[in-house]
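A.B. asks: The sequence shown begins at -12 in our numbering and counts up one residue at a time.
Derived by calculation from the structure, the hints in this document are not laboratory data.
Keep in mind it's a predicted model, so treat the numbers as computed, not measured.
Check each hint, because a few of them may be wrong.
[Claimed, not checked] Simulated crosslink set (DSS-like; lysine-lysine; CA at most 30 Å straight-line):
id, residue 1, residue 2
1, Lys29, Lys19
2, Lys31, Lys11
3, Lys31, Lys19
[To be verified] Restraint ranges, calculated between C-beta atoms of paired labels, are given here:
id, residue 1, residue 2, range
4, Pro38, Ile16, 17 to 27 Å
5, Thr43, Lys11, 13 to 23 Å
6, Pro9, Thr43, 26 to 36 Å
7, Glu2, Lys31, 28 to 38 Å
8, Thr43, Gly13, 15 to 25 Å
9, Pro12, Thr43, 12 to 22 Å
10, Thr43, Glu(-2), 15 to 25 Å
11, Leu(-5), Arg25, 14 to 24 Å
12, Thr43, Lys19, 25 to 35 Å
The beta-carbon is built from N, C-alpha and C at its ideal position, and this holds for glycine as well.
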Amino acid sequence: MTEIYYVLEGEGHIELDGEIHPLKPGTAIFIKPGCRHRAVGKLKILNVPIPAFDPTDEWID
């Protein structure tokens, strides 16, 4: 699935396929399907999954 993260509060970073990008309020991140990602920090985000979230689509290793 595609995801959009929009940072509402806090600071930290997001790792997208091994590349690190800073996060702060007002930052929007577009995450393509299949991209390995993780957000680090104390953050409050709005997460927009496209299509709607399906827990069977999650991959955690």
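A.B. asks: Confirm or reject each hint.
C.D. replies: Structure-based check of all given hints:
1. A hinted pair counts as satisfied when its Cα atoms are at most 30 Å apart, and Lys29 with Lys19 qualifies at roughly 23 Å.
2. A C-alpha spacing of about 10 Å is found between Lys31 and Lys11, which places the hinted pair at or below 30 Å, so the restraint holds.
3. Our distance criterion of 30 Å between C-alpha atoms is met by Lys31 and Lys19, whose separation comes to about 21 Å.
4. A hinted range of 17 to 27 Å for the beta carbons of Pro38 and Ile16 is consistent with their spacing of about 18 Å.
5. Between Thr43 and Lys11 the beta carbon distance is about 33 Å. The supplied range of 13 to 23 Å is therefore violated.
6. For the hinted restraint 26 to 36 Å between Pro9 and Thr43, the CB-CB distance of approximately 32 Å keeps it satisfied.
7. Judged by the Cβ atoms, the range 28 to 38 Å given for Glu2 and Lys31 is violated: they are separated by roughly 19 Å.
8. The hinted range of 15 to 25 Å is not satisfied by Thr43 and Gly13, whose Cβ atoms lie roughly 32 Å apart.
9. Here the CB-CB span from Pro12 to Thr43 is close to 32 Å, at odds with the stated 12 to 22 Å.
10. Between Thr43 and Glu(-2) the C-beta distance comes to about 32 Å, which lies outside the given range of 15 to 25 Å.
11. Remark: the range hint 14 to 24 Å for Leu(-5) to Arg25 is upheld by a beta-carbon distance near 18 Å.
12. The supplied range of 25 to 35 Å is broken by Thr43 and Lys19, whose beta-carbon atoms lie about 19 Å from each other.
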